[in-house]
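Chemist: Residues per chain are reported as follows:
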Amino acid sequence: MEINRDILLLMLRRMWMIRNFELKVMEVHSAGEFAGAAHPYIGEEAVAVGACAALEDTDYITGNHRSHGHPIAKGGRVDKAMAELYGRVDGYCKGKGGSMHLADYSIGILGESGILGSSVPVAVGAALAAHIRGDNFVSMAFFGDGASNQGSLHESMNLASIWKLPVIFLCENNQYAVTTSYAETVAVDHVSDRASAYNMPGMLVDGQDAIAMYEATSAAVARARAGEGPTLIEGLTYRFEEHSLGLGRVARGAYRDEAEIAEWRKRDPLDILEKTLISQGVATREECDAINAETVDEVEKATDFARNSPFPEPEDLFEDMWANPIPLP
Amino acid sequence: MAQTVFLEAINQAIQEEMRRDESVYILGEDIRRAIYGATADLLTEFGEKRVLDTPLSEEGFFGAAIGSSLVGMRPVVETLTSFMWVAMDQLISQAAKMRYMFGGQATLPVVFRASMFYGAGSAAHHSDRSYPMFMNMPGIKIVVPSNPADMKGLLKTAIRDDDPTIVFEDGTLFGMRGEVPDNADLPGEELLVPFGEAKIVREGTDCTIVAIGGAVNHAIATSDQLAAEGISVEVIDPRTLVPFDKKTVLDSVEKTGRLVIADPAHKVCSAASEIASIVAEEGFWSLQAPIQKVASEQVHIPYSPSLEKHVYPDVPKITAAVKRTLES
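Protein sequences appear in the order of chains A and B. Here the working numbering = 1-based position in the first sequence + 2. Here the working numbering = 1-based position in the second sequence + 17.
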């Protein structure tokens, strides 16, 4: 598959943006600049970026608790994302959502859900709207190997298949649900094997390879737009950091081998993409480094933006409850 | 004015709104063949894409309705209260919370029509009157109609409202006949009942009964019987619990000095509990007697009719409660 150079460079930029955003989040979170949970996406960047590169702004995504990668991959703004983590009024959700609930309705990011598997039926619903109205958009639900065991996933896949809805079920299999391994919790070798139970294609993809993710997702999107129904894609990947920031301090005992972590770190998705781009003459080492540096700079500016944004006022507590407001009880 | 059966009123509301607005569609279990009656003939008029029979997957299709509402559809979900338990995550984590959590970006014009089949031997798994549980959770508007005209007018308002709404349809009223105005006789030629406006069903001076859903008819019967004994009872139907028209209730209690609340839900943390607390906090100095709650006994719904008939508010219980307020 011939991929446009702009798309390849956009993928590299977005992957560096996520990586540098997350590194910054880890730095400022450990410095105590904001509280609350945050779940770093480091190591998994190729999954969301490759998948979202196959989408248009008019397509929809929903996501989960590991929530910074999806919006940035879909083209979201790091300044509004960072301000949301800081709980400020200029954040994506005016400080009401925080790390686990980023959303940008202007570009189809319908929101990240802290309850796992819960946003998958929502993505199916967006696709149902396309089906009823005859619109041409698709929707994509990101979920993990852990959520693949939720009933909502299975109901959603069945529903999407019987109605041939334009939805892509995008499993980020990072192999651990917090500290519990895939092998302990999933009855099949691959999440993608579950597609056959719902009469849809299941694709197992190297989730460290952004180009492979882009190609697989492009095929699923084409299928969805053609009215042929849903696809389940499993991006096999690995979480390089802890489940959430600070969790390492409370977990009793290790649940992953150091050797396993080291082995996966050798398959860094940024190295893999850069090597491909350089070897194919798409970009030079200097160009790749410049993209990295530009995203470092952009994340730095986003962090300053967040720090300088005001906190919400007490009266903001009561805003945004209703579209047609009603009196407080 | 036409005499209309409660179920027909539901059907008219859906049909009129589907004709008016192409983004309105309906989904649920067995609705194409209208096994509960409310969706009769919709398939013929509106076709398969807008009248969707779903698999038994409440979590899946409740969520799908919610997701479609985010992108401009106006879904009407048909279900039973008792089936909502398996979709609670979608109702609470998504429908109720999304708008606030996302800083006002999400708009969810989704309606859940939840039938409450109690009082007819349906036993514990099919007899829930669960609206108080949803009153406790911010983010969902709650409607409990008590007659065909309000059923039609409130459902039409719910479909047009931009917030998630659950319409609790009282199964004990499904066969009730009542006057529903002809559209041609109405301003704007349609019946719309606003949210947050209680209705004074009977005017009276000695005691106020606030009654919910199917209990409204019992309260009216109580009022009529007590009138023969020279006791003047005012009956108020809140019609919507979220938003709740507390002014009408407080004004009435100021006049009568006494309050009975008749609520088919379980009595602990019921709608009656909340209304009692509002009046205790804001209308205390109007009260001449303790507030009386007449709600369902705190047991599960038994199958045997000889047991079930003792569970719910009825005319004798409400009458006794009114008399207790007058003894003080």
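Calculated directly from the structure, the hints in this document are not laboratory data. Since the structure is predicted, the reported quantities are computational estimates derived from the model, not experimental observations. Hints may contain errors.
Heads up, simulated SDA-like pairs for lysine to any residue below, C-alpha to C-alpha not over 25 Å straight-line [as the list claims (entries may be wrong)]:
#: 1; chain 1: B; residue 1: Lys66; chain 2: A; residue 2: Ala228
#: 2; chain 1: B; residue 1: Lys66; chain 2: A; residue 2: Pro329
#: 3; chain 1: A; residue 1: Lys166; chain 2: B; residue 2: Leu60
#: 4; chain 1: A; residue 1: Lys166; chain 2: B; residue 2: Lys310
#: 5; chain 1: B; residue 1: Lys66; chain 2: A; residue 2: Ile134
#: 6; chain 1: B; residue 1: Lys310; chain 2: A; residue 2: Ser246
#: 7; chain 1: B; residue 1: Lys264; chain 2: A; residue 2: Gly34
#: 8; chain 1: B; residue 1: Lys263; chain 2: A; residue 2: Glu321
#: 9; chain 1: B; residue 1: Lys264; chain 2: A; residue 2: Lys166
#: 10; chain 1: B; residue 1: Lys263; chain 2: A; residue 2: Leu330
#: 11; chain 1: A; residue 1: Lys166; chain 2: B; residue 2: Glu46
#: 12; chain 1: B; residue 1: Lys173; chain 2: B; residue 2: Leu209
#: 13; chain 1: A; residue 1: Lys166; chain 2: B; residue 2: Asp70
#: 14; chain 1: A; residue 1: Lys166; chain 2: B; residue 2: Asp47
#: 15; chain 1: A; residue 1: Lys166; chain 2: B; residue 2: Gly64
#: 16; chain 1: B; residue 1: Lys263; chain 2: A; residue 2: Pro327
#: 17; chain 1: B; residue 1: Lys284; chain 2: A; residue 2: Leu330
#: 18; chain 1: A; residue 1: Lys166; chain 2: B; residue 2: Glu65
#: 19; chain 1: B; residue 1: Lys66; chain 2: A; residue 2: Asn160
#: 20; chain 1: B; residue 1: Lys264; chain 2: A; residue 2: Ile164
#: 21; chain 1: B; residue 1: Lys263; chain 2: A; residue 2: Gly136
#: 22; chain 1: B; residue 1: Lys66; chain 2: A; residue 2: Glu230
#: 23; chain 1: B; residue 1: Lys173; chain 2: A; residue 2: Met323
#: 24; chain 1: B; residue 1: Lys173; chain 2: A; residue 2: Pro329
#: 25; chain 1: A; residue 1: Lys166; chain 2: B; residue 2: Gly89
#: 26; chain 1: B; residue 1: Lys66; chain 2: A; residue 2: Asn326
#: 27; chain 1: B; residue 1: Lys216; chain 2: A; residue 2: Pro331
#: 28; chain 1: B; residue 1: Lys173; chain 2: A; residue 2: Arg225
#: 29; chain 1: B; residue 1: Lys263; chain 2: A; residue 2: Asn326
#: 30; chain 1: B; residue 1: Lys263; chain 2: A; residue 2: Glu317
#: 31; chain 1: A; residue 1: Lys166; chain 2: B; residue 2: Thr61
#: 32; chain 1: B; residue 1: Lys173; chain 2: A; residue 2: Asn326
#: 33; chain 1: B; residue 1: Lys66; chain 2: A; residue 2: Ile164
#: 34; chain 1: B; residue 1: Lys66; chain 2: A; residue 2: Arg225
Derived list of chain B stretches under chain A, where covered just means 3 residues or more per stretch with a C-beta under 8 Å from a C-beta of chain A [claimed, not checked]:
#: 35; segment: 28–37
#: 36; segment: 65–76
#: 37; segment: 105–113
#: 38; segment: 133–141
#: 39; segment: 155–163
#: 40; segment: 233–239
Using N, Cα and C, we set each Cβ at its ideal position, and we do this for glycine too.
Chemist: Taken at face value, is the distance from the CA of A/Ala228 to the CA of B/Lys66 at most 25 Å?
Modeler: This hinted pair holds, its Cα atoms lying about 18 Å apart.
Chemist: Quick one, are B/Lys263 and A/Asn326 close enough, alpha carbons at most 25 Å?
Modeler: Holds, at roughly 19 Å.
Chemist: Go check the segment 105–113 of chain B versus chain A for me, would you? Three or more residues, Cβ under 8 Å, otherwise it fails.
Modeler: With 4 residues in contact (Cβ-Cβ under 8 Å with chain A), the coverage given for the segment 105–113 of chain B holds.
Chemist: Are the Cα atoms of B/Lys66 and A/Ile164 separated by 25 Å or less?
Modeler: The hint holds at about 13 Å.
Chemist: Between B/Lys66 and A/Glu230, does the CA-CA distance stay at or below 25 Å?
Modeler: Holds, at roughly 16 Å.
Chemist: If you draw a straight line from the CA of B/Lys66 to the CA of A/Ile134, is it 25 Å or shorter?
Modeler: 6 Å, holds
Chemist: Hey, B/Lys264 versus A/Lys166, does the alpha-carbon distance stay inside 25 Å?
Modeler: Violated: B/Lys264 and A/Lys166 sit about 50 Å apart, past 25 Å.
Chemist: Within the segment 28–37 of chain B, is the number of residues with a Cβ closer than 8 Å to a Cβ of chain A three or more?
Modeler: violated (count 0)
Chemist: Within 25 Å, alpha carbon to alpha carbon, are A/Lys166 and B/Thr61?
Modeler: The hint holds at about 22 Å.
Chemist: Take the C-alpha atoms of B/Lys173 and A/Asn326, compute the straight-line distance between them, and say whether it is at most 25 Å.
Modeler: Holds: B/Lys173 and A/Asn326 sit about 15 Å apart, inside 25 Å.
Chemist: Do the alpha carbons of B/Lys173 and A/Pro329 lie within 25 Å of each other, as the hint requires?
Modeler: With a Cα-Cα distance of about 21 Å, the restraint between B/Lys173 and A/Pro329 holds, given a limit of 25 Å.
Chemist: Taking a Cβ-to-Cβ distance below 8 Å as contact, does the segment 233–239 of chain B have at least three residues touching chain A?
Modeler: violated (count 0)
Of the numbered hints stated above, those contradicted by the structure are hints 2, 4, 6, 7, 9, 20, 21, 26, 28, 35, 38, 40, listed in ascending order.
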